[in-house]
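Q: Since chain B is already given, all that's left is putting chains D, G and S on it; use the hints.
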Amino acid sequence: MSELIIILISAILVNNFVLVQFLGLCPFMGSSNKIETAIGMSAATTFVLTLASMVSYLVYQYLLVPLDITWLRTIAFIVVIAALVNFTEILMLKTSPLLHKVLGIFLPLITTNCAVLGVALLNINAGNSFVESAFYGFGAALGFSLVLVLFAALREKLNLADVPAPFQGPSIAMITAALMSLAFMGFTGLV
Amino acid sequence: MNKNLTSISKQALWQNNPALVQLLGLCPLLAVSASVVNALGLALATTMVLIFSNLIVSLIRHQVTDAIRLPVFVLIIASFVTCAELLMQAYAYSLYLSIGIFIPLIVTNCAILGRAVTFAVKNSPLISAFDGLMMGLGFSSILILLGALRELFGTGKLFANMDILLPMASNWEITILPNYSGFLFALLPPGAFLFMGMLLALKNFIDKQLADSITKHQNAQQMASRFAKDMS
Amino acid sequence: MAVKKIKLPTKLKAFSTSLIMLWVLAACIPGLVALTVFFGWGSIINIIWLGIWALLFESMVLVFRKRPLGFYLKDYSALVTAVLLGLCIPPSSPWWLSLTGIFFAIVIAKHLYGGLGQNLFNPAMVAYAVLLIAFPLEMTNWTIPLGIEQEIDAYTGATALDLFRNERGAMLVNEFWSQHSAFGTLSGIGWEWVNGGFLLGGLVLLYKRIIGWQIPVAMLGSLLLMSALFYDGGSSASGGSPFMHLFGGGTMLGAFFIATDPVTASTTPKGRLIYGALIGIVTYIIRVWGAYPDGIAFAVLLGNFTAPFIDYYTQPTPSQHA
Amino acid sequence: MPSELRHSILLNTGRLAGFAIAAAIILSLVYALTETRITNQMLAAQRQALNSIFPASEHDNDLISDSFIIDINSSEYSNLELLGLRENSHAYVARKNMQPSGLILPFVARDGYNGDIDLLLGVSIEGLVTGLRVTAHRETPGLGDLIDLRVSDWILSFNNRSLVNPELSGWTVRKNAGVFDQFTGATITPRAVTVATAKALEFFEENKSRLLSL
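Protein sequence lines, in the order shown, are assigned to chains B, D, G and S. If you read the first sequence in my numbering, its first letter stands for residue 1, the second for the next number, and so on. If you read the second sequence in my numbering, its first letter stands for residue 1001, the second for the next number, and so on. If you read the third sequence in my numbering, its first letter stands for residue 2001, the second for the next number, and so on. If you read the fourth sequence in my numbering, its first letter stands for residue 3001, the second for the next number, and so on.
Just chain B, with the same shape it has in the complex (with noise of 0.2 angstroms):
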């Protein structure tokens, strides 16, 4: 268990996906303009992030390994994503609608999102059991969350200042990113 625990915070806080290990920044500094937003893409992502975790982790022991085409396994698992993706927006129009309108729009810039990709490989990487996968997946995803919606609220508080001419719009942003990112060093040596 506390193996597991491990998992969770060096996904979410020591190696943050995106603040530390670069992964899925074009949905954070694309969706992260209001708090809704950010909030509804969060959720959505966790979803697919630890199902795609998953997936991908029983794709490659049950059907790469055996066959011995683990060089294929980048095909592999953005087919796998595309699939899922697809099959979750089906899933969530038929059971629920009204998530399906909230959570609907976001699913296809999922597919796009590299930390989804990310993740499969990391996870083939640390040789992690299908448990731990699942946990990593999901640790990377609230990690994502985390700091996808304070950047939203971070965002509107921005949007008042004063910035100097050459620097707004993503300049700033992106500087923002940095300093959130230098705040998470301190976690550096956690786990």
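Hints in this document: simulated from the structure, not taken from any laboratory. Even for Gly, the Cβ is constructed at its ideal location relative to N, Cα and C.
Simulated DEER-style distance windows between Cβ atoms:
| no. | chain 1 | residue 1 | chain 2 | residue 2 | range |
| --- | --- | --- | --- | --- | --- |
| 1 | S | Ala3024 | B | Ser129 | 29 to 37 angstroms |
| 2 | D | Pro1178 | G | Lys2074 | 37 to 45 angstroms |
| 3 | D | Thr1006 | S | Thr3039 | 43 to 51 angstroms |
| 4 | D | Ala1160 | S | Asn3079 | 36 to 44 angstroms |
| 5 | S | Leu3156 | D | Ile1176 | 20 to 28 angstroms |
| 6 | S | Ala3032 | D | Ala1211 | 48 to 56 angstroms |
| 7 | D | Ile1176 | G | Leu2137 | 21 to 29 angstroms |
| 8 | G | Leu2137 | S | Glu3167 | 24 to 32 angstroms |
| 9 | B | Leu91 | S | Asp3066 | 51 to 59 angstroms |
| 10 | G | Lys2270 | S | Arg3150 | 44 to 52 angstroms |
| 11 | G | Ser2016 | D | Ser1225 | 51 to 59 angstroms |
| 12 | G | Leu2137 | S | Gln3099 | 43 to 51 angstroms |
A: Just chains D, G and S now, kept in the frame of chain B:
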């Protein structure tokens, strides 16, 4: 025709630069820019994938219906990425060890799929390949610039360990700042974000200066023509 | 989302801002005196050097942005940043270290966001954190307290917190304190006095109502709670005594002078309690389990990072106003 | 209409399958062309890493194929806890003219500033250190990571040391009256590495015959 190529280059390298303006492919850009050699390795791989995926997409553009367009494009890109990965493992293994994980992630670089969907499906193969090359160079130039800046500020040197990419480059390392104690900040994650933010600001600043000088120029011309009219 | 925008100082406000800043500066004096008594003139020299550069950088940015110089310089906020940074960095810091730090504080953390009242992160703490991760060697190199050089000659540098981290695991905590009696009984000689000085200054600020009670109380309370919870009487796995945590490192300076910065802290009363508690807990976690010896700077930055979110969910509802 | 729809679905599926097959063929070709080279590169990189710990001039066997696993639950060794291992790890035997000439031993320094430091020790049959490398660590950047050869060459100062050079009491950092340099400011990391290395050497001395007979 020639004008077309010039405008493609201008768009890709400056006005619509994938890294600076569209902010695409930020993840590998920031993660692999701690040194010139890593940046160059990723730049090469990304550019290659861009050229070939654009070329193939353009070649088969009439055979692909809307329904299967996205899966086919993703398949093509993923195939080239896998090729790039295999080739890097075979011919630059030490480089692969240091940036390995970010090669497969080229698949999710939206700049590549974006070019396939918006450009290559509408243009002839050669033009598409050229666009791929220019987009790749636009992305690469920022990647390498960021790598050089971070390596210079972080260690005071440039081109260290170039031999893991180019075997003949074993003594390319140059010390720009002797007795520099190193600014570790530049090499750590916050440094990557900060330097990228500075580059974005620099682009805005240069654009502003250019725009100002153009309006000044136009104003001067207007003044001159008005003056000429008055005189006549 | 209703974020209170702190208005640019008008004539009247400029007076009150500068008065507040002067009080903050005055309240730093007891701590500074203690630092000077135990560690020599280094801190004072640092503060002067930092102050000059803070004003220079601020003027440069203002000239570059074509803003009125005197109007902005009069609020003394750049000086407060310089003094706070000067109190945090080791007294023996080389000149280029403080110069780098004040550049990050004034130019990047403050003026890229539009200057006083609009910065998202505490400038002094941004500078401190940048310096700590960029130059960990110089930043953990504290001079030996004056007067006890011979006794602890072998322990060049290192605050009590550093030393504690270094020796922990090798011996029991009680052995540690008895062996290093030169470091005092609570949290190291000098340090308890330095922190006492800042506590005194902080109480003055509280009395003058320049700062609210919520943040310091919540922060010190949660730090006390955490350290009491994980203090098992001094085994080798212990995180150090509550007294060491309260009176060691930059605790009091952080609690009264830095976390309370009105621009970057939470603005609602309930929010301030959460904000302060968060900083206290994170400080403890980083001190005891993290890679860097003192966690205050990182904890404050994380607090700044979460403050708008905390505010968002602790806004008093309109009915409460009525 | 339905027949048209079916036709279009069939056509699209056919085309998609066609593209997939074409991609598979091309990729297999590239893989077939690079496969052996990739395996060779991997082995070469591993061999080079091991040879930097145990010089190629001191052995003539292939270290990778001459390896065995140290089982942490094994009772074959005396004082296995000296190595501090947390999981079963590979050790490599060096031979010259078929005779054992030394060993590459995995061990862990558990008391780094931020936890475990994984190391590999090359030791000759006479008990001299031929090389020492950190393989994994979480030490503070700029402070504790100077044990990494990529950051500083401090770790090379162990070459040619042995348990008699210095005596066991000297196997720590100068601050604790040892003979090894600590880096300015940081003590705990270099001390952890130094003390753990001495323990690994002790383990080697105690189990020499057992280890080298394998």
